[in-house]
Amino acid sequence: MKPDRYFYTTAGAIFVVITAIGFRHYIFGGARPDGSPIHPAMLALVVLHSSAIFAWYVLFFVQVLLISAQNRRLHMKLAWSVLVIATIILCTGPFISIRGMQLSPSHAVFGWPYARFLLITLTEIALYTVFVTIGGPRPQAALHSPPHDAHGQPLHTVRWERSALSSASQQHCCCSAAR
Amino acid sequence: MTRSVDRWFAGGLGAYMVVVLVASKLLLTDTWMNWASAILKL
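Note that the protein sequences, when read in sequence, are chains A and B.
In this text, residue positions in the first sequence follow our numbering: the first is -1, and each later residue adds one.
In this text, residue positions in the second sequence follow our numbering: the first is 877, and each later residue adds one.
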């Protein structure tokens, strides 16, 4: 495995662990981070939203593993599930933020009244939308084509070099046998 | 390991930080609180 694959695989695993720890109250207990119960009117949406975000990080980890295993075809097919997960996150996010503020106007986040923190939440959702739109899956993404050098020529991959070595050794054997 | 800087990633991260920084300043203004009050009434 290449060093960058180790990096992304490790990062993906860390993301999943941290997200599972951070979201454990939401996903497994239906409660807020401090353990207090979520308003019943919000519970289903909050669990759906947090599950979608958790699925986002699980998907990242799985995608990295697929590339490490050189299963590019399944990686590209699975990438389309981003659209489903991102849609759930985007549809539930603003509603949860605004409804949460309406139900708990006195609630504070990081020392800010919820009404002020709402701007951060909505800004992050807007940025998420922009980044998913820019970096979302595409049918023939250039990143998934074989690597090319500055002149547009395909770079020599390990597989290519192996096959080249193999054919060279075969030619050497043939030449030796002919002699 | 890829040693060059991913310009798109760096640009995106920079833009993210700038926008969130601006938002963190705007949320302290009365203008935002007026808007938040309007959203609260939705």
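Hints were generated in silico from the structure; no laboratory data involved.
Because the structure is a prediction, the values reported are computed rather than measured.
Beta carbons: idealized from backbone N, C-alpha and C, even for Gly.
Hints may contain errors.
Said to hold, decoys possible - Pulled a few chain B residues facing chain A out of the computed Cβ check, cut under 8 Å:
(1) W908
(2) A912
(3) I915
How the hints compare with the structure:
| no. | hint | verdict |
| --- | --- | --- |
| 1 | W908 | 6 Å, holds |
| 2 | A912 | 4 Å, holds |
| 3 | I915 | 6 Å, holds |
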